[in-house]
Amino acid sequence: MSEATTPFLELAGITKKFGNFTAVSDINLSIREGELFTVVGPSGSGKTTMIRLLVGMDQPTSGEMRLKGQVLNGVPANKRPTCMVFQSLALFPHKSVGENIEFAMKIAGVDPVRRRRRVEELLAQLRLPPDCYDKGVHQCSGGERQRIALARALAFDPEILFFDEPLSALDFRLRKALEKELKDIHRETGKTFVYITHSLEEAMVMSDRIGIMRNGRIVQVGTPHEIYNEPVNEFVAKFMGEVNSLEVEAVGENLVRSKAYGDTYRVGKIPAGFTAGFLIIRPEVMKIGKAAASMPNRVQGVVFNDYALGSRIQYQVHSATNSDHWLVERLQDEAYEGELGDTVEIGWRPEDSIVLSE
Amino acid sequence: MLDWLRQPGVIAALPAAALLFIGFAGPLLMVLGYSFMPEKTFTLKQLPTIENYISVVTDSYYISFAWSVFLAGLTVLLLFPICYPIAYGMAKLFGKWANLITALVAVPLLISENIRLFGWVLVLLKNGIFDGALQGLAGVSAAGLLYSVPAIVLGLVYVYLPFMLFPLVIGISMVPDAVKEAAADLGANRWQVFREVELPLAMPGILIGCILTFVLVLGSLAESKILGGQAIVMIADDIESAFTFAQNWPKGSVLSVLLIVLSGLIVFTLFRRIDLDQVIGRR
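Residue numbers (this note's numbering), protein chains in the order written: chain W, 1 to 358; chain P, 1 to 283.
So here's chain P without its partners, still in its complex pose (with noise of 0.2 Å):
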């Protein structure tokens, strides 16, 4: 009657299993279940109630939420065509020069986010290195750069560069050659081919580039707080004070679930048009 339970595969998964239970589903429960317990309580044996998912609108928790959309969504609408190009040319035309441009991406992503965006902080900043510099060159002054949306949209596009570039290089090398002029061939311009060909035949990498992005801005905190100071409030900020500085855990637990669902949302819709398999190449 068990005997899916002695196959070799099932066994060989149980620890993995469990610890994933035990440090991931265990906890992602206990949020759901702190979720409905009345505000500032620190157990879940009160009796369940709604009444933190009501304050989300009351409290205008939404605005957190939608700046979060806002700026996951205008992240990936200005990444997409910078990555694009260079992703192109990384796939098709640099040859062993893409090493070079692979490394010097990747590079950066061993400082720790902070102290990158820290030193984001220092060109910005009132008399910092581009203010200064211009005023000592051009006469004019840039004083107003820090802590402003632009500020943090231009973290945002720093700091998640990598997420977009390297699916879509992938997702381009996806692309045989052959198949763009055989479109040629039969009478495509470039804009047709890219349109009828490249573009369908990348969206796999295209789709997860876009989709890394958008979940990890939605997810941010420090560009909004180091470059962006009090200009706006992300969601994930909201989320990281009722749990510390407010001591609300169930409030944050309802903003950590309706951005848990919202993510899970979004994801799952996008990746079911995507062929897995193919990505990793074993179709």
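The shape of chain W in the complex, shown without the other chains (with noise of 0.2 Å):
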């Protein structure tokens, strides 16, 4: 929510090599005090190798990463004044709940009385039963396990926390729950959160800015809302979710062609120097019937399914002229008034669609 734009993690060129194998390649970022950024990345893009290089469990091969200015190379994690959540937990399972909270104050040499203060706060911010300090792990919930994590990590007073797909593990309800808690917490406290994740509907809901992960790079960093609305390239936005995408080339002024099937449309605007590239439309804004009548990009199809996705739904639309394989979302009460097997159109503005030169 901090609106600072002081540098506060830098990373300049890091890159890390296994062997042969570059796990993550030339990363430049900064990010700033108190926000909460999330890296996105689908499995294999580097991003757990990152977080390792960030907490320093590993060292980079070349690159510098500084926090307030202060090169943090070659420092080993127990030096570091940052703390990370593991995708794991990794809960000490010999040890009380108590014990696993007050572990870095206890390492730090915080006497036990202070100890024992801090953690009933802790245990209260985080909404857990304050007789669970003398519980094991192994007796408390997946979602209390989570809290205790996070617990045992704010109680370190660390300059970042990372977390590392901490809520991977959980079924969808409580995941959804927690995703917004920790957005919570990460108002309250105040703190830096860098958080790794391979949702990109996750760090939509918690994050202040997303960088997002492929093949050990970060193609593109920026608000939600600039990562939904503008993506850089066709895998950004087809990352989000099901989207409408045709190879297309420029034709004229804010005109475009498949390169399938010759069916041409009109869009919002071409990117400068465009010249062949992605034509992306989102399910939700293509419009299906008697809505569509009015739109200046128009197709006939045949519904050939519906799928009910809970506030919406989606129509799998085929059509024999144009490009054939369209997908519509419509809210449940401006559902499509046909049947299944029916021919119709569908349509959307040109504003609405996204033109991407890769």
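Label pairs and their computed distance ranges (CB to CB):
| id | chain 1 | residue 1 | chain 2 | residue 2 | range |
| --- | --- | --- | --- | --- | --- |
| 1 | W | Lys79 | P | Phe80 | 27 to 35 Å |
| 2 | W | Pro271 | P | Trp97 | 49 to 57 Å |
| 3 | P | Leu100 | W | Asp26 | 36 to 44 Å |
| 4 | P | Trp191 | W | Asp157 | 21 to 29 Å |
| 5 | W | Val71 | P | Leu100 | 35 to 43 Å |
| 6 | P | Phe194 | W | Arg173 | 36 to 44 Å |
| 7 | W | Asn20 | P | Arg195 | 35 to 43 Å |
| 8 | W | Ser311 | P | Arg195 | 52 to 60 Å |
| 9 | W | Val71 | P | Trp191 | 20 to 28 Å |
| 10 | W | Ser311 | P | Pro85 | 57 to 65 Å |
Simulated pairs of lysine to aspartate or glutamate, DMTMM-like, Cα-Cα distance not exceeding 25 Å:
| id | chain 1 | residue 1 | chain 2 | residue 2 |
| --- | --- | --- | --- | --- |
| 11 | W | Lys95 | P | Glu198 |
| 12 | W | Lys191 | W | Glu159 |
| 13 | W | Lys290 | W | Asp352 |
| 14 | W | Lys79 | P | Asp177 |
| 15 | W | Lys290 | W | Glu345 |
| 16 | P | Lys180 | W | Glu144 |
| 17 | P | Lys180 | W | Asp134 |
| 18 | W | Lys135 | W | Glu99 |
| 19 | W | Lys17 | P | Asp177 |
| 20 | P | Lys180 | W | Glu159 |
| 21 | W | Lys79 | P | Glu198 |
| 22 | W | Lys79 | W | Glu99 |
| 23 | P | Lys180 | W | Asp58 |
Source of the hints: derived by calculation from the structure; they are not laboratory data. A virtual CB, placed ideally from N, CA and C, is assigned to each residue, including glycine.
From the two separate chains plus the hints, produce the assembled complex.
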């Protein structure tokens, strides 16, 4: 939430190689104090390697990391003022909940009375029952264990708190609840959080800014709004969810043509220097049936199937004349009124589509 | 009323239970019985007496007990620091080479312990391999090595190394890397990570290795006889002589009972601290 622009954590040309394999390649990134920054990427994109470099469990092959201007390279994990919540949580199974949380303070030599008081504060802050101090971690539920791991990291009072997909093993409802809780805790503590996940949806919910990673590189950094509305390439656009994506070439002012089918579409704007690339139309901007009649871009097709997505319904429309496979999503209360197998018109406004060079 | 007898588990366990009773519990009960018989009798039909138990003290058998306990403790104390780094490497560092080391440690177990100990006799003997080589190369003699307590300790450490090593490997493998990394991330240095996380989490393996080694040395006699000569007498040696050479079954039984009680006390005290399910990996 902080609008501060002072460089807090800076990465300059960070590269990590394992033998011939480059896991992380030339990362340049600046993370602001107090923000919740999320690194998103598919598995194998190098995000786990990157967080291990940030925490100090691995050292980069080249490049420099600075925290508040001080170089972090070569500083081992136990000497860094940062802390991580592990994917496996990595709670100490032989210690009680209280002993887990106060571990960092015990190592730092804080006296037992103050330790106890701080643990009780954290238990209250994270809505953990006060009597769980003496419980074993095995006796706690999945959601409680998440909170214990977070409390243990907060007790360290780190400059930056890293998260390595800690919610990925939880069921959907608990994950949704904890995503919001984490965002609340971020606001309450005012600390800098750096979160790693493979789920852009999760990142959208929580983040101030998002960095998208692919093949060891950061391909785009921006606010959730920017990532959603102005993706830099087809990969980022598709990463958010299902999209209609056509390979197109420019054929005139604000006009593109499908390479495979030859059908042409009007678009809002074409990026400078664009000759060929992708036309992206998100399913939720598509209209179907009567609503499509007034749209500048229209396609005729047959309603092949519908899928209930909860708040929305998705239609798959097959076209014989144009690019053949279209997805349309409508809210429940503006659902398509016809039957499956009917021929319909679908359409969208030029300014709701995105043209990308790569 | 006897419904529990009809359960499949009970029925399936019956043959093994019968065999254990005839072959294991029965003889033990007989040994217990003989320990209360008068000296040099070969029947259980005499009037019970505790004179054998008294003779353990009056005939100085407690010295043999003391040597056995001392050597068992010393062997454990020596083996633990020797085996821990090797076990750590095998569990965490060596990768596929760990299998080679496992084989190298395990293969000698295929050869009889006595034969391996006689191999050490050839090494330690006056003018033997070690002494001879020293004389030839450096002109110094190390003739008095064999038939001494240090020679026995060498033999014990050598013979029982695998029994400490392999439980330690299992124990150290049970410590997740992420938990150690988490401790380091929270500010703990290497020693603190070892003391606060690795040692307690590897404790089941450590205790099993120590108990196994201790109990095995407690009941050993080949090392003290072959490498120690007449230097000392261990308790298992006394038991063997009582049953064979001296033909005094009640005396042998008394010493056996005391040895079993001693081992049992140690094993049960320490095993209460271990969660065996966790070691086997069921949890």
